[in-house]
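Model the full structure from these sequences, guided by the hints.
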Amino acid sequence: MKKSVFLGALTVAGVTAGVAAAGTLDDVKARGTLNCGVTTGLIGFAAPDANGVWDGFDVGVCRAVAAAVLGDATAVEFVPTTGKTRFTALASGEIDMLARNTTWTFSRDVDLKFEFVGINYYDGQGFMVPKALGVSSAKELDGATVCIQTGTTTELNLADFFRKNNISYEPVPIETNAEGQQLYLAGACDTYTTDASGLAATRAAFENPADHVVLPEIISKEPLGPLVRHGDNEWADVVRWTLNALIAAEELGVTSANVADMAAAAGDNPEINRLVGTEGNLGEQLGLDADWAAKAIMVGGNYGELFEKNIGENTPIGLARGLNAQWTDGGLLYTPPFR
Amino acid sequence: MTALTDPPKESFRIGMLLSDTRYRSLTFQAIALLVLIYCIATLANNLVTNLAAAGLNISFDFLNAPSGYDINQTLIPYTSQSTNLQAAWVGIINTLLVAVLACATATIFGVIAGVLRLSNNWLVRKLMSFYVEIFRNIPVLIWIIIIFTIITAALDSPRAYLGDDPSKQLGLGYFAFTNRGIYVPLPVWGPGSGIVVGVFFASIIGVFAYRRYAKKLLFDTGRLLPMGWPSLVILFVPAIIVYFVMGSPISLDAPDPLANRFNLQGGLQVPAPLIALWFALSIYTGAFIAENVRAGIQAVSKGQTEAAAALGMRPRRIMNLVVLPQALRVIIPPLISQYLNITKNSSLAIAVGYADITATLGGITLNTSGRAIECILLLMLFYLIISLSISAVMNVYNNAIKLKER
Numbered sequence: 001m002k003k004s005v006f007l008g009a010l011t012v013a014g015v016t017a018g019v020a021a022a023g024t025l026d027d028v029k030a031r032g033t034l035n036c037g038v039t040t041g042l043i044g045f046a047a048p049d050a051n052g053v054w055d056g057f058d059v060g061v062c063r064a065v066a067a068a069v070l071g072d073a074t075a076v077e078f079v080p081t082t083g084k085t086r087f088t089a090l091a092s093g094e095i096d097m098l099a100r101n102t103t104w105t106f107s108r109d110v111d112l113k114f115e116f117v118g119i120n121y122y123d124g125q126g127f128m129v130p131k132a133l134g135v136s137s138a139k140e141l142d143g144a145t146v147c148i149q150t151g152t153t154t155e156l157n158l159a160d161f162f163r164k165n166n167i168s169y170e171p172v173p174i175e176t177n178a179e180g181q182q183l184y185l186a187g188a189c190d191t192y193t194t195d196a197s198g199l200a201a202t203r204a205a206f207e208n209p210a211d212h213v214v215l216p217e218i219i220s221k222e223p224l225g226p227l228v229r230h231g232d233n234e235w236a237d238v239v240r241w242t243l244n245a246l247i248a249a250e251e252l253g254v255t256s257a258n259v260a261d262m263a264a265a266a267g268d269n270p271e272i273n274r275l276v277g278t279e280g281n282l283g284e285q286l287g288l289d290a291d292w293a294a295k296a297i298m299v300g301g302n303y304g305e306l307f308e309k310n311i312g313e314n315t316p317i318g319l320a321r322g323l324n325a326q327w328t329d330g331g332l333l334y335t336p337p338f339r
Numbered sequence: 001m002t003a004l005t006d007p008p009k010e011s012f013r014i015g016m017l018l019s020d021t022r023y024r025s026l027t028f029q030a031i032a033l034l035v036l037i038y039c040i041a042t043l044a045n046n047l048v049t050n051l052a053a054a055g056l057n058i059s060f061d062f063l064n065a066p067s068g069y070d071i072n073q074t075l076i077p078y079t080s081q082s083t084n085l086q087a088a089w090v091g092i093i094n095t096l097l098v099a100v101l102a103c104a105t106a107t108i109f110g111v112i113a114g115v116l117r118l119s120n121n122w123l124v125r126k127l128m129s130f131y132v133e134i135f136r137n138i139p140v141l142i143w144i145i146i147i148f149t150i151i152t153a154a155l156d157s158p159r160a161y162l163g164d165d166p167s168k169q170l171g172l173g174y175f176a177f178t179n180r181g182i183y184v185p186l187p188v189w190g191p192g193s194g195i196v197v198g199v200f201f202a203s204i205i206g207v208f209a210y211r212r213y214a215k216k217l218l219f220d221t222g223r224l225l226p227m228g229w230p231s232l233v234i235l236f237v238p239a240i241i242v243y244f245v246m247g248s249p250i251s252l253d254a255p256d257p258l259a260n261r262f263n264l265q266g267g268l269q270v271p272a273p274l275i276a277l278w279f280a281l282s283i284y285t286g287a288f289i290a291e292n293v294r295a296g297i298q299a300v301s302k303g304q305t306e307a308a309a310a311l312g313m314r315p316r317r318i319m320n321l322v323v324l325p326q327a328l329r330v331i332i333p334p335l336i337s338q339y340l341n342i343t344k345n346s347s348l349a350i351a352v353g354y355a356d357i358t359a360t361l362g363g364i365t366l367n368t369s370g371r372a373i374e375c376i377l378l379l380m381l382f383y384l385i386i387s388l389s390i391s392a393v394m395n396v397y398n399n400a401i402k403l404k405e406r
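Protein sequence lines, in the order shown, are assigned to chains P and Y.
Letter 169 of the first sequence, counting from 1, is numbered 169 in our numbering, and no numbers are missing.
Letter 92 of the second sequence, counting from 1, is numbered 92 in our numbering, and no numbers are missing.
Partner residues are not named here, just some residues of chain P that face chain Y (Cβ under 8 Å, in silico):
#1 Lys113
#2 Leu156
#3 Ile174
Derived from the structure by calculation, the hints contain no laboratory data.
The C-beta atom is built at its ideal place from N, Cα and C for all residues, glycine as well.
In structure tokens, the structure reads:
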């Protein structure tokens with residue numbers, strides 16, 4: 001009798017804990033802030049500016065979700081995570097979502113029980129070397145010392161690449177991008193490898209960016225995107241469709257400049273109407289306000305605007321749209337329809 | 001005839017569990033144990049329930065999967081195709097390597113600083129207390145990072161040594177100090193080198209035998225043989241003679257600046273992370289050991305020193321023969337905890353990218369497999385085993401030298 005009461009109490013405690021963990025959307029609404037995991041600092045993607053305000057391409061996703069859910073793009077608590085701490089932070093509930101150059105892989109999706117809600121940057125791993133070294137291809141890196149952020153997919157790709165090409169290297173494991181930059185500039189490693197976008201962002205922060213080249217080889221596919229915990233489908237839907245809304249907005253020509261007008265009154269394009277909430281009940285279906293997507297777009301603009309402002313060709317980072325162009329422009333961005 | 005009856009047999013009543021001081025402590029201990037078991041059970045149950053709710057389980061299968069990553073310092077064969085278990089072994093050996101190295105040097109630093117801190121020389125004394133206070137009161141992680149940063153920022157990249165016309169020459173043709181580590185020549189063992197090594201080991205035994213003999217002679221007759229130079233002669237002269245007799249079978253493999261355009265090749269590279277970690281742990285813990293040594297020396301009655309001085313012994317000999325042997329009894333027990341501290345602090349290795357067990361099993365493997373609980377459990381088990389082993393070995397030594405009462 002006593003034992004069953006004891007076990008029963010435990011079960012109840014366990015189930016309550018499970019239920020409490022399931023409703024992230026309600027948690028976020030009740031808390032009034034969104035806990036968003038970002039990098040510890042990668043210019044263009046997520047880094048605090050001179051005033052300590054987080055800014056960047058990944059940060060834009062966090063802010064868009066906060067705007068969609070809470071109506072306030074500043075109601076975000078940014079939690080800097082390293083390659084090592086990010087998954088634990090998400091799994092333990094310390095953060096509600098992770099928007100941190102994280103590669104969508106099978107094992108992370110299936111084995112680690114996370115839910116990738118989409119891809120906000122199609123990337124690939126590259127190498128950066130000092131121009132003075134005279135290296136023109138990654139295959140010439142036999143015997144080189146390579147700085148690598150530890151606990152990342154790039155670490156595994158690197159081992160595969162060198163093994164496949166039958167050349168040797170010496171890894172220098174580092175924790176953060178800042179550390180890698182420092183060691184690379186001091187010559188403690190010959191080449192720095194990470195996602196090509198990260199290399200471009202890192203190089204942009206150098207004093208003499210022209211002294212360094214990014215080698216032509218892209219040795220892996222790195223689809224980067226935001227992710228949430230597995231099993232909370234309502235919350236996953238919110239984050240997924242906020243990202244989709246940003247991408248669809250660009251495709252449909254909805255920008256931060258015109259979204260307010262479009263959301264004020266129904267126009268003649270039904271898909272835009274459904275997106276900005278003047279037609280249908282998409283917001284209600286998500287458990288959000290009707291103008292959730294309009295609010296998200298208003299923060300930093302649509303996907304294209306976010307890209308141009310943070311990492312595009314007119315920024316120091318200078319990334320071309322490439323694969324990240326809309327499908328109508330020959331890129332890979334393609335969202336399911338809003339209907 | 002005495003008529004002693006047995007004392008009345010005490011009957012045990014439930015109330016005595018509280019009222020009788022003999023049982024009360026047991027009662028409370030039992031209650032405390034039950035509460036503890038309940039708490040642990042709740043935590044474990046919560047863990048299992050939450051894991052199950054998230055669709056996860058506890059499994060150690062990942063240990064047999066290929067690790068997929070490379071490690072920069074491996075003392076045993078390892079490739080990225082080796083298993084996670086093999087990677088863990090690499091980490092364990094690296095942890096033990098740096099722990100053993102740091103224990104040895106920390107002891108040397110500590111004993112020197114501890115003795116000198118009691119020196120009569122004002123400057124030496126103050127310098128040593130400066131060292132002790134500075135290093136003891138700043139966290140070891142900061143020292144590790146400071147030393148690593150100094151190495152990477154102050155020393156040249158290996159590129160300075162490379163090429164046909166390098167900007168820097170190898171020191172003595174053999175040594176290179178770079179920000180990736182120190183390159184030293186590695187001996188190449190030719191035929192006949194085994195004999196040289198054998199002679200050298202025999203010499204080591206010879207040194208011990210000589211010192212034993214000298215000690216016995218001292219105790220038996222009071223005659224003191226010199227210890228220092230004969231030991232060195234016994235240690236090196238036979239080995240050197242054999243080395244030349246065998247036709248110099250051992251040669252040195254110097255680092256090669258021309259092998260490729262990235263790194264020096266050949267020789268032995270002592271990587272910068274190892275140096276930073278080793279040195280930082282040594283000087284940091286050395287400061288603590290210095291205090292233990294000082295306490296031990298001060299625990300020896302001043303009368304001992306004075307008595308020895310009255311016999312005409314010189315200060316160095318008083319320290320070696322009278323004070324330190326007695327001080328050891330006070331020094332060894334806290335020294336055990338310092339060795340434990342070094343081993344545990346070596347887990348800060350990841351700060352400088354040294355591939356110890358925390359970096360491999362508790363870092364990369366944990367991250368790529370996502371098996372956080374399992375990895376951390378294994379880590380805890382490893383550090384527990386190591387700490388208890390060090391403790392056991394050092395306690396055996398402590399029992400051997402502690403004051404034996406007759």
